[in-house]
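J.: For reference, the chains in residue letters:
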Amino acid sequence: MPPRNPFTRSAQSAEVKPRKIGSSLLQGVITVIVILAIWQCIVIFFKMPSFILPSPGAVLQKLVQRADVLVFHAWVTMQEILLGLLLGLTMGLFFALQMLLFKPLKRWLLPILIASQAIPVFAIAPILMLWLGYGIASKVVMAALIIFFPVTTCCYDGLRSTPTGYLDLAQTMSASRWQTLRHIRLPAALPTLASGIRVAVVVAPIGAVVGEWVGSSAGLGYLMLQANARMMIDEMFAALFILALFSISLYFMTDQCLKRAIHWRL
Amino acid sequence: MADSVLIKIINGALRYKGEGQYVLSQVNMSIAKHQWTSVLGKSGCGKTSLLRFLAGLLDEKVDWSGSVETPLQGDLSQHVAYMAQQDLLMPWLSVMDNVCLRFRLSNKKITEPEKQQATALIEQVGLLDKIHHFPEQLSGGMRQRVALARTLMQDKPLVLMDEPFSALDAVTRYQLQNLSVTLLQNKTIVLITHDPQEALRLSSKIYLMHGQPAQCHSFPVPTMDVPRRLSGEIAQLQQQLIEQLGKNHASS
Amino acid sequence: MNNRIKKGCVTLLLSVLSLSACAQNKRVTLMLDWFVNPNHGPIIVALQQGYFDEQGLTVKIQEPADPSLPAKLVAANKVDLAISYQTSLTIDVAAKLPLIRASTLISTPLNTMMVLDNGKINTLADLKGKKIGIAIAGNEEAIIGTMLQTAGVNYSDVEIIHVGWALSSALASGKVDAIWGGFRNFESNQLAIEGYPSKAFYPEEHGVPMYDELVVVANADHYDADAIGKFNKAIEKATAYILNHPKKAWTIFVSYSPDTLDNELNQRAWRDTLTRFDLRPAAVDLKRYDEFTQFLFDHKVIPFKPKSGDFVPTL
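Protein chains in written order, with this note's numbering: chain A, 1 to 266; chain B, 267 to 518; chain C, 519 to 833.
Pulled out of the complex, with its shape left as it was, chain A reads as follows (with noise of 0.2 Å):
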């Protein structure tokens, strides 16, 4: 059996493919170049003093200069993220099912869910420390906790709109409750659940970097602190440049995966 491969769709697609992909990095290069042209004539214009706005040159020499030390706390911080994106979604998936199956369950968890919304993160970020420590696992549950609310609430009304044409054909074909979930109600929840997961992606670090401000030792948020502690502000514009880096290629390489994975639309 030949390889399922849904990308050969035809030689047009095929070739306008890597023009894409080309055009859109050339685009990314173009926009970085001119923020930072801009970023550099507002240090000059203003007279901007280095402990409000470093320059970008400076910046660059410290990333350069401090690449052994940013790398250590940049790969904890990473760390944080994907954990917390694994135990966000892994919840997320698990809360839309228990909604889904147990109707009655719903009235239940729901005030939870809106809960884990509403409370903002700093003002539990403390509470969680003492309970977690002071290590990892806060800063897991702070971004699962962040991503909770978007991962949940997609995954659950994907489930829940599966189009009715879909469950008649399953039922026809005398489809158990179970066959029906695992085969017709999930996947086709999947492209809801993907802009979810997009969402996710985004907004994880900012889970991960509070917590690392309300207590850590170690990770880019810490270190952004330690920076402002000691007015090496290039430092932290450093640290906050390679965060910026790694929510954006997280991204992009989270929404191409998608694509690729999750290739219909319903």
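Bear in mind the hints are in silico, worked out from the structure with no lab data behind them.
Even glycine gets a Cβ: it sits at the ideal position worked out from N, Cα and C.
Be aware that a few hints might be false.
To be verified - Calculated cross-link-like contacts (lysine-lysine; reagent style DSS-like; alpha-carbon spacing at most 27 Å):
#1 C:Lys646 <-> C:Lys755
#2 A:Lys47 <-> C:Lys596
#3 A:Lys47 <-> C:Lys614
#4 C:Lys823 <-> C:Lys646
#5 A:Lys106 <-> B:Lys327
#6 A:Lys103 <-> B:Lys283
#7 A:Lys47 <-> C:Lys823
#8 B:Lys308 <-> B:Lys283
#9 B:Lys327 <-> A:Lys103
#10 A:Lys47 <-> C:Lys825
#11 A:Lys106 <-> B:Lys283
#12 B:Lys327 <-> A:Lys259
Claimed, not checked - Some but not every residue of chain A turned toward chain B, in silico, with C-beta under 7 Å:
#13 Met173
#14 Ala175
#15 Ser195
With chain A's structure known, arrange chains B and C on it following the hints.
T.: Chains B and C only, in chain A's frame:
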């Protein structure tokens, strides 16, 4: 004679639970074995409700009175394959996997002969070269052909069709009608349609459905073999059918 | 009716008078390092007793959300005066922030290494391999490292954890074994009230040179020497009043904001802070500043040594 009738509906009446008004009443129908029976009516007249009832999709939602007689063993809905206006192909499954959907849904491993059967069916609907394609890569006509293959793979004696050709262009529809007749030779088909020409081309029996609640009357059909070519006689009957449908519409 | 008009006229006259009095006053904005607490005793008492007014100053007090912010705002010339710390000031000046010390509020260190008094940690040497919670201020490695060194423990032998401003709860809950950055007059009382008696190791007793905990900073390029002089006169007078009448001074202090200030923690802290207020807020001791700058430089907290004469001017 009783042998050649697969389903006999006597004095059928149907009402959605919680609603006072009946959708169908005094429906009498006999559906002949290995033949196409068309139910013709304006949209919203209740013909889809009848079909969904026969498919067992309305079990808990309706009150039904009257009797449905059939020589088939057990629940009627177990012997039904369903084809809707939308092709209902799962966009995440390839043509092959869509055709074999029923195995997926019953958690059964597909055996080698079954795989070969599916391949043969895909070949019969003329899509062998698209066997690993996904639905989004196919045209509307191709997709409905995959749906046809999936229906055949279900291997049920009774095929219920709810306007499966209505979304296609005229030429594609014509071709697919012919293909369906060929491939569904040994099946009993109940076809819901609002297209008089389609009913006249394919059916050995036509029921007109009209009124509120809807009743049904049989309409005479030509004796030629199906699928019938469009001829003067067919055109004339089509005219009559349209007039009758229009009249019923005005009176109701 | 007549009476009412008279009353109205008098009020109007009074308000015009007080307005004109204000107009003659110099307006000074002062940003605290944190929300109002007993460390700010002389400032609050001077304000409540009208000592600033006597000097022709109108002092407007602001509270920041983040203690690292006030000095930056002074450097950016957004506020006139801010409360900072000698350690932070030295770091800031070494990072070329245009700041000077204008006065000293508390002239000894307040930071201590605090542990729970439960017999587990009795000397600094016992901290080897333990967790120390901090609120990052940028000088931890220098000061904690020096203190530990006096007990033969390396800085790398302890685990440093940033716990933000939850120092007391981090220690009480046992998540860390010691905290650095708690004030001897504040956190120790907080812990005692919660039922956790604590023990303190003082930096100045373990190898760290003396420094001023709380100082007032001004912008090096835009400071008003006259206003600072008047400010210092007023808080000097307030400090003397506090020492002479500690009980009365306490009631004056809490009258600033009874709802938030009048509690047991502040009352205990007040008692412990009395002895820490600088009696000569304007006094300059360049040698002491130079020694502390040398200490920070030796521990690589700052990249070069700013001269004390440049950021601790005699006004």
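J.: With reference to the structure, classify each hint as holding or not holding.
T.: Hints, verified against the model:
{"no.": "1", "hint": "C:Lys646 <-> C:Lys755", "verdict": "46 Å, violated"}
{"no.": "2", "hint": "A:Lys47 <-> C:Lys596", "verdict": "16 Å, holds"}
{"no.": "3", "hint": "A:Lys47 <-> C:Lys614", "verdict": "14 Å, holds"}
{"no.": "4", "hint": "C:Lys823 <-> C:Lys646", "verdict": "32 Å, violated"}
{"no.": "5", "hint": "A:Lys106 <-> B:Lys327", "verdict": "24 Å, holds"}
{"no.": "6", "hint": "A:Lys103 <-> B:Lys283", "verdict": "21 Å, holds"}
{"no.": "7", "hint": "A:Lys47 <-> C:Lys823", "verdict": "25 Å, holds"}
{"no.": "8", "hint": "B:Lys308 <-> B:Lys283", "verdict": "23 Å, holds"}
{"no.": "9", "hint": "B:Lys327 <-> A:Lys103", "verdict": "19 Å, holds"}
{"no.": "10", "hint": "A:Lys47 <-> C:Lys825", "verdict": "25 Å, holds"}
{"no.": "11", "hint": "A:Lys106 <-> B:Lys283", "verdict": "26 Å, holds"}
{"no.": "12", "hint": "B:Lys327 <-> A:Lys259", "verdict": "39 Å, violated"}
{"no.": "13", "hint": "Met173", "verdict": "5 Å, holds"}
{"no.": "14", "hint": "Ala175", "verdict": "4 Å, holds"}
{"no.": "15", "hint": "Ser195", "verdict": "16 Å, violated"}
This entry does not satisfy hints 1, 4, 12, 15, going by the numbered hints stated previously.
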